[in-house]
Amino acid sequence: DGGITQSPKYLFRKEGQNVTLSCEQNLNHDAMYWYRQDPGQGLRLIYYSQIVNDFQKGDIAEGYSVSREKKESFPLTVTSAQKNPTAFYLCASSIKGPRGTGELFFGEGSRLTVL
Amino acid sequence: AQSVTQPDIHITVSEGASLELRCNYSYGATPYLFWYVQSPGQGLQLLLKYFSGDTLVQGIKGFEAEFKRSQSSFNLRKPSVHWSDAAEYFCASRSNTGKLIFGQGTTLQVKP
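So the sequences go chain by chain: A and B. Each step along the first sequence adds one to the number in the working numbering, with nothing skipped, and position 18 is 18. Each step along the second sequence adds one to the number in the working numbering, with nothing skipped, and position 79 is 79.
A couple of the hints might just be wrong.
Only some residues are given here: those of chain A computed to face chain B with a beta carbon under 7 Å [claimed, not checked]: (1) P39; (2) F106; (3) G107; (4) G109; (5) L112.
DEER-style ranges, computed between Cβ atoms [what the hints assert, rightly or not]: (6) A:S7 to B:E66: 37 to 45 Å; (7) B:Q58 to A:Q17: 18 to 26 Å; (8) B:S70 to A:K96: 28 to 36 Å; (9) B:W83 to A:R111: 21 to 29 Å.
If you are wondering where the hints come from, they were derived from the structure by calculation, not from laboratory data. Backbone N, C-alpha and C define an ideal beta-carbon position, used for all residues, glycine too.
Kindly produce the complete structure, drawing on both the sequences and the hints.
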């Protein structure tokens with residue numbers, strides 16, 4: 001079955017460490033997105049990529065980095081510069097990016113806890 | 001700026017009662033509208049979507065939504081709520097750059 005796979009499901013990190021969250025999709029979608037979710041704050045866009053080897057900052061990109069070397073993969077690195085990284089992270093994809101309907105397909109999420 | 005508003009942060013209904021979750025969007029052209037549901041610790045699942053045509057759209061799990069252009073609304077409804085419907089619900093609209101704009105979400109609690 002096609003879908004989006006995020007790993008790990010749960011991750012613990014010590015302060016000062018970088019951590020990378022994986023997101024893989026086999027839907028052949030052009031665009032991929034990373035969202036952060038905190039209680040009571042809905043979904044906030046971190047980064048998105050509409051094509052391989054290109055990506056744009058979202059609303060809260062500071063302290064995060066991404067790469068898009070392959071169409072099916074869009075890993076997110078939470079760096080030590082992110083002041084409050086404990087959150088639930090969601091990866092999503094869409095068929096055509098700006099020319100599409102906007103419909104997003106989501107992964108199951110990764111919960112990062114900084115100790 | 002484009003926005004999506006869900007006026008109710010938290011709603012509690014009794015099992016078997018009807019449900020309506022409100023959503024208002026701000027966008028001049030015909031919008032692409034979505035409702036997603038999220039169970040705790042899970043990703044978001046698409047319930048239904050509206051692009052054009054019939055303004056009453058049917059979704060999964062017995063949900064429906066009605067697009068009302070005059071009110072800039074896209075309210076989600078279900079005739080009879082089940083305990084398994086307890087979750088967080090997000091309304092979303094496509095922006096003019098192709099990204100989705102989400103509302104803040106409505107948490108639904110179902111009383112037995």
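* To do: With a cut-off of 7 Å on the beta carbons, see whether F106 of chain A makes it to chain B.
  => holds, 4 Å
* Report holds or violated for the interface hint on G107 of chain A, using the least CB-CB distance to chain B and a cut-off of 7 Å. => holds, 5 Å
* Supplied contact hint for G109 of chain A, tested at 7 Å Cβ to chain B -> holds, 5 Å
* Could you tell me whether the CB distance from S70 of chain B to K96 of chain A stays inside 28 to 36 Å? => 30 Å Cβ-Cβ, so the 28 to 36 Å window holds.
* Asked: How does the Cβ-Cβ distance of Q58 of chain B and Q17 of chain A compare with 18 to 26 Å: does it lie in that range?
  -> Violated, since Q58 of chain B and Q17 of chain A (Cβ atoms, about 47 Å apart) do not stay within the stated range.
* To do: Hint says 37 to 45 Å; check whether the CB-CB distance for S7 of chain A and E66 of chain B agrees.
  => Between S7 of chain A and E66 of chain B, where Cβ atoms are some 39 Å apart, the hint holds.
* Asked: Regarding W83 of chain B and R111 of chain A, is the given constraint of 21 to 29 Å on their beta-carbon distance met?
  -> holds, 25 Å
* To do: Answer holds if the nearest beta-carbon of chain B is closer than 7 Å to that of P39 of chain A; otherwise answer violated.
  => At 10 Å from the nearest chain B Cβ, P39 of chain A fails the 7 Å test, so the hint is violated.
* Hint validity - L112 of chain A Cβ closer than 7 Å to any chain B Cβ -> violated, 13 Å
Violated hints for the displayed structure, listed by number in ascending order: 1, 5, 7.
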